[in-house]
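The chain contents come next:
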Amino acid sequence: MTTKSFGEPILRKEDPRLVSGQGRYLDDLGHDALAAAFLRSPHASARILDIDVTDALEVPGLIGIYTYEDLEGRVAEPLPLLIPHPALLNGRTGYPLANEYVRHVGEAIVMVIAEDRYVAEDVVDLIKVSYEILKPVVGIENAKAAHNAVHPSVPNNVSAHSVKEVGDARAMIESAPHKLSLDLFIERSACSPLEGKGVYAIWEEDSQELRLWSSTQTSTGVRAAVAAKLDLPLQKVECIAPDVGGGFGVKIMHPWPEEVLIPWAARKLKRPVKWSEDRREHFISSAHERAQEHHIEVGFDEEGRILGLDVTFFHDNGAYTPYGIIIPLITSTQLLGPYKPASYRVEFTSLFTNTVLVIPYRGAGRPRGAGRPQGVFAMERTVDAIAKYLKLDRTVVRERNFIQPHEMPYDLGLIFQDGRPLEYDSGDFPASMAMLKKMVGWDDFETMRSEYAAMGRKIGIGVACYVEGTGVGPYEGGFVQVETSGRINVATGLTSQGQGHQTVFAQIVADELGVPIEDVFVTTGDTRRFPYAVGTFASRAAVMSGNAIALAARQVRDKALRLAGEALECDPQDLEIVDGIIRVKGDHTKSIALKTVAVLSNPLRYAFDESAKAATQFAVGDTSKPPVPEDQEPGLEGKDYYSPMASTFANGMHAVIIEILPETAEVKILRYVVVHDCGRVINPMIVEGQIHGGVAQGVAGALYERMAYDESGQLQNASFMDFLMPYSTEIPTVEAGHLETPSPLNPLGIKGAGEAGVIPGSAVFASAIEDAEGFEIRRMPISPSELWELRRTMKENA
Amino acid sequence: MNPEELFLVELTVNGTPLSARVPARRLLSDFLRHDLRLTGTHVGCEHGVCGACTILLEGKPVRGCLIFAVSVAGSAVTTVEGLVNNDGTLGVVQRAFHESHGLQCGFCTPGFITTIHAYLKENPHPTEEEAREAIAGNLCRCTGYQNIIKSVLRAAELIDSGVRDDH
Amino acid sequence: MKPSRFQYVRPRSIPEAVMALQRHNSKVLAGGQSLTPLLSMRLASPEVLVDINGLTELSGIELRGSELWIGAIARHQEVLTHHLVQTHVPLIQQALGYVAHPVIRNRGTSVGSIAHADPAGELTAVAALLGARIHVSAQQGPREILAADFFVGPLESALQHGELVTGVSFPVLDATWGSSCQEVSRRHGDYALAGVCALVQVLDGRIMAARIAIFSVAGTPLVIDVMDVHEDHEKLNLKVQALIDPDTDIHATADYRRQLVKTLVVQALTEARVHAELRQS
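Residue numbers (the numbering used here), protein chains in the order written: chain A, 13 to 810; chain B, 354 to 520; chain C, 1127 to 1407.
Simulated from the structure, these hints should not be mistaken for lab results.
For each residue, glycine too, the CB sits at the ideal point set by N, CA and C.
Hints may contain errors.
Covered by chain A, according to a simulated footprint, are these stretches of chain B (three or more residues, beta-carbon under 8 angstroms) [what the hints assert, rightly or not]:
1) 414-422
2) 462-476
3) 500-512
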């Protein structure tokens, strides 16, 4: 019997390569390529007066120096605005190289191509740029005040404004028995994959073709963007995402300036060119996320039921909006989580600042969050505040506001990021909460608290819930092909950054086709293999490509059974495929190998291999029809697409128990418990790994990481020394519990799990710190120094 | 400007003598990756914090990005490629990572594997807390470290059970 | 992030090294764990790099009379595990446990981190607290600088251009002395937000001497004799707070650092006393 692999913790097929140094990441390619380096703006806002390259030209090994003036055709135009939206009133994008103005520290001004990167950096050092320094806009307050404008054409710095209402929230709050208002802040962080971005391009002069590799979350998107920018037919451009060293969102943005410039230079120079982003570049010229300021008004009854919720928030979108306003849109639509307030109003304003642009952080591709952590923080803080006000247990208030299982599917009356009505497909929130409380020992916590107090130790417990829209459309495709050797090739267009796609997609195909998983080989992110795709973000890969591949595999199975039926002269209905052999159920003497059927599927049967020889004993095909009948194609392969009507919704709940040191206000994590529901699970080992990683990013965002801009727009912590990405010593062991409510929306019943761990991070720690300290926590992340200062202020005010 | 002076740097890498002529400023990580084309050693920050470039210099783990190749000419270096068994099967730490799902994107993994390989030589029976400490100088953005700690313990277990490891 | 060009010199003797260091804008390369990142970020661009890693005569750790001598290229990890250090100046090992991570300690040198004069460096505080002597080779001949005179400011020492630190000698502490190093950092292995080394002498169960060195709260490590106040935590704190001048930065406010110092001073003194009693038992 072929062992069923769906649902099993199958070890990853990609590992043996990656653990032995045989992975091929972007910078592992193109050893002989020319290297690019960039002169980047040292100022947050400035006008470029002059660029002097006199000294730089003397450097041996220099190939070319390019400024905006050198750019040609569409390369000289502003970069595209990828996701327009009616609320995005003033979208602005930058140029591949700065055109007169620079709007954040790190914006590229000059591209240098040289024999190697060391030399390219030498050249950059010798280029002298003179600037007229302008007053920068840094931070939400300054952006609102608008004493200076990031873009002169947008004097109020407002890029977008949106209001959504379900019911009359303001009236409901006004008439509610109880009211509260809260101001909540979340600071910037960043995806920070261990591998930076990178682009490598080869121009084939003879065939006028461009092949490029990018460390991207969307090779199809990059391909289309580069073809358009370079004015090349799409067929003349191929883009491959090699092994990618993490994405978490930052690599879904495209085209990055370098993705346009490197291919452009390769064509111009007729030589391979490569750019590998270094860590400092990644900090100051890629993307950040998360700075938002929220004001909340809430009205509720004696029981804690929310009657009206009115959220007004401001979002810092940085200097440009190439990726639209997806983050505040997600915050505004996903803020409600598992709750059903009787009415809801949300208004946001997105603001330009002279800082690095923003991109959904783990909310796009290997995504972990994207606007959701902010929304969950706002909502969960609000629920905690209600509980405190009414002196109710925090979980009781949550339970009273939960959407109930019998109310599924539940229409929230909002439009989601995919432009479709926001309707939760499934989920059992009370069951999740019950599981969480049991696992963390919620009801016994007061005993634990007193035990610690007796030892002079201070502990606290926090809880936070979220719902995560996953598997957003519009579509993905899958291709499955059986070779005559028995090798199964699978391709899908979206990309991989560590999610184990080569394994989980192989699991799906192995089960659908009844073949050993060892025979299945998956390719992702290579436009030569599958040209249509959207990309990896928003925990969509398993749902979208998983289902598409399953559908394609079913086509292959149907065709294989039909051909086998003809060969074995029996009804395909009576056949099964076990271990790559098609056989008659109950009569195993009548059988034919799948790979032999692959030979039969092609009327041209040169006997190259053993399968072809084996096939000679079988006769298939209706002699009254042509060798390839009208409705048929040669080959044992299938291609299909999956395009859902709506997104799926995974959900989860986290609880954390912390200890805070009395004198130094350091936070120690004693326990971290996660309960999550991502529908049917293809590979529990991989899902659990995603949760561990997400929690680590949640802890990081709550207690360690931030982007520390000073007033002049300089990022003060643009290194791993000062951007405090946690080590193993800062991250707790995660205890995870699983609930499976299958999604009714797709054939496999799966939802997606890439972001499960990260979303409630700030909310759950704020809840726990507040519980331990007794005063309100309204701003995250929080450092020991800030917590200690807050304690002091509280004491002084008391 | 004069062309840059080149130095002949000879190293024994994974048991094989290899050499290249490079400028004095060539970092050992770049020397291995681009001059010797052993790209298993990765570069994540180039300022010594992330640990992706960790290699073994005379058996001891060091940061490849914080050493000039010329400064260690004549030394023996082991990279992640060199920890594969002579018959091509995975070395014991590599196998433990596979079995424990100790990697996701795999970019930081070579630095962890070299570090743990050296650590287990000196501390063959770590506790969970010791395993956590042992990997505390390397950054990973994907795994949350939980399964890397598991991999350390699993590798120790495999060594104890006498599983083949040539290095 | 690649270093600028430099001329590379690998001397075969100390005099050759000193000679090479006479050249304009030269710099010593020992372990390179602090220097190389500065070079890669091009925050430093020396024209000449004098690599002393081949000078094996500087790799030793040995007793010289009543002092423990550590050579300029002895790696942190060697110092951390050396029995002479453990027996005679355990404070060095107590402090080294906080220095970065083991992989960095395999290459970084203890003397190098003293020569670097980083105000956040644990070993600068140890050298200052113990009154270590820094041995220097110069063209005019060798000289010694007392730690008290060596640390001039942040990353600034009394070392003159063209001079080479060859080693540091620490006074040996007999079993009447106990020591401790305590610090708080944001992440395990990071530079301290504030840190304290303490040294106490205990005779017949009574403290006969007590002094501390505080680091990360001023441009140089601050050595304070606290014998007069060590029993009264309030007075102790008042004395210490009057002498420190911490900064506010992105990781912590000045007042928070003061709070850390208050806590760490008591912790370090307590631990140092326990340590002395342990050594005597």
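Against the structure, the hints come out as follows:
| no. | hint | verdict |
| --- | --- | --- |
| 1 | 414-422 | violated (count 0) |
| 2 | 462-476 | holds (count 3) |
| 3 | 500-512 | holds (count 3) |
Hint 1 from the earlier list is the only one contradicted by this structure; the remaining hints agree with it.
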